[in-house]
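2 protein chains.
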Amino acid sequence: MPKYEDSKEFNPLDPEEFREKAHKVVDFIADYYKNIENYPVLSQVQPGYLKNRLPNEPPDTQESFDTILRDVHDLIIPGITHWLSPNFFAFFPATVSTAAFVGEMLCTCFNVVGFNWLSSPAATELEMVVMDWLATMLCLPESFMFSGSGGGVLQSTTSESILCTLVSARDRSVDEIGKLVVYGSDQTHSMFKKVCKLAGIHPQNIRSLPTTIDDDFSLSPRLLRKVIEADVAQGLVPLYLCVTMGTTSTTAIDPIKHLADVAIDYGIWVHVDAAYAGSACICPEYRHFLDGIELVDSLSLSPHKWLLAYLDCCCLWVKNRDLIRNALSTNPEYLRNKISESDSVVSYKDWQLGTGRRFKSLRLWLILRSYGVTNIQNHIRTDIQMAVAFERLVQSDSRFEIMVPRQFSLVCFRLKPFDGFDSAELLNKALLERVNSTGQVYMTHTVVGGLYILRFAVGATLTKECHVVAAWEFITKTTDALIKECGRSSTKSDCLSNT
Amino acid sequence: MPKYEDSKEFNPLDPEEFREKAHKVVDFIADYYKNIENYPVLSQVQPGYLKNRLPNEPPDTQESFDTILRDVHDLIIPGITHWLSPNFFAFFPATVSTAAFVGEMLCTCFNVVGFNWLSSPAATELEMVVMDWLATMLCLPESFMFSGSGGGVLQSTTSESILCTLVSARDRSVDEIGKLVVYGSDQTHSMFKKVCKLAGIHPQNIRSLPTTIDDDFSLSPRLLRKVIEADVAQGLVPLYLCVTMGTTSTTAIDPIKHLADVAIDYGIWVHVDAAYAGSACICPEYRHFLDGIELVDSLSLSPHKWLLAYLDCCCLWVKNRDLIRNALSTNPEYLRNKISESDSVVSYKDWQLGTGRRFKSLRLWLILRSYGVTNIQNHIRTDIQMAVAFERLVQSDSRFEIMVPRQFSLVCFRLKPFDGFDSAELLNKALLERVNSTGQVYMTHTVVGGLYILRFAVGATLTKECHVVAAWEFITKTTDALIKECGRSSTKSDCLSNT
Numbered sequence: 001m002p003k004y005e006d007s008k009e010f011n012p013l014d015p016e017e018f019r020e021k022a023h024k025v026v027d028f029i030a031d032y033y034k035n036i037e038n039y040p041v042l043s044q045v046q047p048g049y050l051k052n053r054l055p056n057e058p059p060d061t062q063e064s065f066d067t068i069l070r071d072v073h074d075l076i077i078p079g080i081t082h083w084l085s086p087n088f089f090a091f092f093p094a095t096v097s098t099a100a101f102v103g104e105m106l107c108t109c110f111n112v113v114g115f116n117w118l119s120s121p122a123a124t125e126l127e128m129v130v131m132d133w134l135a136t137m138l139c140l141p142e143s144f145m146f147s148g149s150g151g152g153v154l155q156s157t158t159s160e161s162i163l164c165t166l167v168s169a170r171d172r173s174v175d176e177i178g179k180l181v182v183y184g185s186d187q188t189h190s191m192f193k194k195v196c197k198l199a200g201i202h203p204q205n206i207r208s209l210p211t212t213i214d215d216d217f218s219l220s221p222r223l224l225r226k227v228i229e230a231d232v233a234q235g236l237v238p239l240y241l242c243v244t245m246g247t248t249s250t251t252a253i254d255p256i257k258h259l260a261d262v263a264i265d266y267g268i269w270v271h272v273d274a275a276y277a278g279s280a281c282i283c284p285e286y287r288h289f290l291d292g293i294e295l296v297d298s299l300s301l302s303p304h305k306w307l308l309a310y311l312d313c314c315c316l317w318v319k320n321r322d323l324i325r326n327a328l329s330t331n332p333e334y335l336r337n338k339i340s341e342s343d344s345v346v347s348y349k350d351w352q353l354g355t356g357r358r359f360k361s362l363r364l365w366l367i368l369r370s371y372g373v374t375n376i377q378n379h380i381r382t383d384i385q386m387a388v389a390f391e392r393l394v395q396s397d398s399r400f401e402i403m404v405p406r407q408f409s410l411v412c413f414r415l416k417p418f419d420g421f422d423s424a425e426l427l428n429k430a431l432l433e434r435v436n437s438t439g440q441v442y443m444t445h446t447v448v449g450g451l452y453i454l455r456f457a458v459g460a461t462l463t464k465e466c467h468v469v470a471a472w473e474f475i476t477k478t479t480d481a482l483i484k485e486c487g488r489s490s491t492k493s494d495c496l497s498n499t
Numbered sequence: 001m002p003k004y005e006d007s008k009e010f011n012p013l014d015p016e017e018f019r020e021k022a023h024k025v026v027d028f029i030a031d032y033y034k035n036i037e038n039y040p041v042l043s044q045v046q047p048g049y050l051k052n053r054l055p056n057e058p059p060d061t062q063e064s065f066d067t068i069l070r071d072v073h074d075l076i077i078p079g080i081t082h083w084l085s086p087n088f089f090a091f092f093p094a095t096v097s098t099a100a101f102v103g104e105m106l107c108t109c110f111n112v113v114g115f116n117w118l119s120s121p122a123a124t125e126l127e128m129v130v131m132d133w134l135a136t137m138l139c140l141p142e143s144f145m146f147s148g149s150g151g152g153v154l155q156s157t158t159s160e161s162i163l164c165t166l167v168s169a170r171d172r173s174v175d176e177i178g179k180l181v182v183y184g185s186d187q188t189h190s191m192f193k194k195v196c197k198l199a200g201i202h203p204q205n206i207r208s209l210p211t212t213i214d215d216d217f218s219l220s221p222r223l224l225r226k227v228i229e230a231d232v233a234q235g236l237v238p239l240y241l242c243v244t245m246g247t248t249s250t251t252a253i254d255p256i257k258h259l260a261d262v263a264i265d266y267g268i269w270v271h272v273d274a275a276y277a278g279s280a281c282i283c284p285e286y287r288h289f290l291d292g293i294e295l296v297d298s299l300s301l302s303p304h305k306w307l308l309a310y311l312d313c314c315c316l317w318v319k320n321r322d323l324i325r326n327a328l329s330t331n332p333e334y335l336r337n338k339i340s341e342s343d344s345v346v347s348y349k350d351w352q353l354g355t356g357r358r359f360k361s362l363r364l365w366l367i368l369r370s371y372g373v374t375n376i377q378n379h380i381r382t383d384i385q386m387a388v389a390f391e392r393l394v395q396s397d398s399r400f401e402i403m404v405p406r407q408f409s410l411v412c413f414r415l416k417p418f419d420g421f422d423s424a425e426l427l428n429k430a431l432l433e434r435v436n437s438t439g440q441v442y443m444t445h446t447v448v449g450g451l452y453i454l455r456f457a458v459g460a461t462l463t464k465e466c467h468v469v470a471a472w473e474f475i476t477k478t479t480d481a482l483i484k485e486c487g488r489s490s491t492k493s494d495c496l497s498n499t
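Going down the list, the sequences are from chains V and X. Residues 1 to 499, numbered by my numbering, are exactly what the first sequence covers, in order. Residues 1 to 499, numbered by my numbering, are exactly what the second sequence covers, in order.
Don't read these hints as lab results, they were simulated from the structure. Possibly wrong hints are sitting among the right ones.
Note: identical chains are not told apart, hence a pair may lie in one copy or across any two.
Stated by the list, open to error - Lysine-lysine pairs mimicking DSS-like chemistry, simulated, CA-CA at most 25 Å apart:
{"no.": "1", "residue 1": "K257", "residue 2": "K484"}
{"no.": "2", "residue 1": "K34", "residue 2": "K24"}
{"no.": "3", "residue 1": "K464", "residue 2": "K477"}
{"no.": "4", "residue 1": "K193", "residue 2": "K179"}
{"no.": "5", "residue 1": "K179", "residue 2": "K197"}
{"no.": "6", "residue 1": "K34", "residue 2": "K464"}
{"no.": "7", "residue 1": "K193", "residue 2": "K338"}
{"no.": "8", "residue 1": "K338", "residue 2": "K416"}
{"no.": "9", "residue 1": "K338", "residue 2": "K429"}
{"no.": "10", "residue 1": "K416", "residue 2": "K484"}
{"no.": "11", "residue 1": "K51", "residue 2": "K338"}
{"no.": "12", "residue 1": "K24", "residue 2": "K416"}
{"no.": "13", "residue 1": "K179", "residue 2": "K226"}
{"no.": "14", "residue 1": "K24", "residue 2": "K464"}
{"no.": "15", "residue 1": "K477", "residue 2": "K429"}
{"no.": "16", "residue 1": "K464", "residue 2": "K484"}
{"no.": "17", "residue 1": "K197", "residue 2": "K226"}
{"no.": "18", "residue 1": "K429", "residue 2": "K193"}
{"no.": "19", "residue 1": "K429", "residue 2": "K484"}
{"no.": "20", "residue 1": "K484", "residue 2": "K193"}
{"no.": "21", "residue 1": "K226", "residue 2": "K416"}
{"no.": "22", "residue 1": "K226", "residue 2": "K257"}
{"no.": "23", "residue 1": "K179", "residue 2": "K24"}
Sequences and hints are given; from them, build the entire structure.
Here is the structure:
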């Protein structure tokens, strides 16, 4: 077929071309990791920086690989906020590892579309094994494992995990959708409200219960019962409670057991969102934060946050796999096959939103085997140790104060109002902007209970204690300058608003 | 800090260790691609094959990288159904390329959590550029571009695209959720019903309009109008129509313009699901299948199917970006920053389900630049040419028949009932099982209009015409054997059911 062979000259997966280019990119990435401290952590570009430097249309013909890689270096890297920089202390860090990277390469390599068992038995079976392994590491009860009534599944995000479990709860309910009520605290992740609305819960029926600084922003079981009772008295139907173990703002810990005790009285589905802090529970000394987990219906935890996994990877365990399957299964003819029909295997498409899915468990399998549980526990402990060190530094400077007790590797603090500055918010906003604008350190803020608080989240994979110490020195030096300038300016608020 | 340095000996992202291991895996993968034809396409393992070969718990201490890679080879590869094999003709192929692979490596490398502009300006801006580039390639009207009122966003799956647009439509409606009605055909992807249920649409209000073989299984505008009118007469409120350009079973084409003309009369949101076939519209000779696209509200297309992109990558364009933002935006304090508040930039978290998101546009950028539009158009044409070749082979054998006109690179055919075999279904089932059980070729089936049909989907990236020809030879040889054996068996149905 000579005519045909000609037109097939374009071979986008020639193994030797693949080998050559992928090797080149490995070196590009290794060099990036090696030199990452040379870049400003927070990108310094202005909106629209890229559009003007790229053509309006894609090229008709191919460009050389070297040109493209050079553009990645010259055009893309300046627009990157370097989440992997050791000087990244913003949000929660997204942790990574060589093992996860090569696991991801293998996942990409096979490119299986693992909707059911037959589409690649290894993808389904390895995911089941790895989810059980992680359940063991977290000492989850057997009911969350495949040997029990439940099991685990990898989702992309916590939002997806909440959507899938919320809909499972909704679909087992016999009440009309307009009557269903869901519960969280004012510290529950913002996506909770969004996901509830997506699932058709009436916005007026989404309860966001207030927390206070006196309770360290954790959800009060007593308040929960009161609100539920008021709802029931109004003829509404309590459906779902999202308990957070380690909130996004301050890593507040909702008391799982006491909240579940309340929820059980009303037949409410209890989900525990432990996206960030759940990972700490692989260390025996932190496991008690999951006490009561045997009482809940589902748990999610994102290894891309603290288990070295790269994005995107959220573990969801459910106690009753029939409920999620009832809510999410589809059975189109073109996916039918004897083995799946025999019910002897799991069809993960029935545990998630979409149909297609990647072979993500390879990443977790590589992490657990490449490092072993002991190293991973120590990685958690080391991050927390560094946060403790930062906390002590803050405490050693009387101009600052710790705002919320530190639980894990996040320190919540602020510069105290001083010398006639009554707005702690303006002051800390100014400090934060000065710190971040240099690109030397990146940290973020939150507002809880009306208080503007600086967040210093330790745990980027490359961070060592020297980075934490240097960051603190930089923060205090910036504070010195800020105070000095404010002393000089005609009015103090001028100096703050100008920053 | 000597004490600390000790405990930090565990460095999961040491650049030189990264370099060494990633290079090793590049060679592993290049070799896999080189030898992929040596593996059975369809995995030959039995359910539970992996569980018994792995320990019940993760290791306490680290294992050697060579051991792990050996296990990938010995334990994982046998459980892979090789989607990238040139002998894979099942479902729709998932296409790949070196450019996308290295784009994915770079995406993983930076590991940015691109929820808003500031979290990595390059991630937001490159996605906007690339989505506009693809819109240009598809000759979409400007209303779907950022220069117009709309814009594009990368989602993981079509399901997510439909969920986001359905909820946008739902939330602009003022009617109660129980009254809202959605429309698709009986050929619309099975996830449509699932997504509608997720969004709280009452299952009784999900219309699945019948199609017939006489209309090549495309949705009839006349029928649509009739059903809508009946719904309106009953006091229901038509909300959303999913038009499919290239259905999963047979690549049937719903007439976009004529359906949109009907929908517009009732204020219905029209979404076009062009997951597979949309990619063909980058070739001028196929662009007419998108005629009328200017009338619809949203369009989705999955480059992981036919644009060489690897999983998971679904492009969604909307005509009115305010509507998706209204439905999906969140504004938690800890993500607030001056630039996003100024509304001068896009916050992609407000265009999707979850909060976190990966830098997926790198993959598409690498594809478009590494190959150029012309090569990518030719890749589409080449796949279709190969399907045409297969179609001719089928037509040349009078024992077979083409069941639905071929539109793109999928051929729907069957072995005709013969010689007293009145069940074409049993016969073709037997043939399919025999073909697939050998691992030499993998194809799948569907049932439409009560007909059991074999699907031969050409387009795996490594497939050349010689593979198509060999597959056909194998199918006919298997047919010969099947017929011969059936002739020998005491009853013909025995011989079929034993296969």
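**Study point:** Violations among the numbered hints
**Key:** 1, 12, 14, 16, 18, 20, 21 and 23
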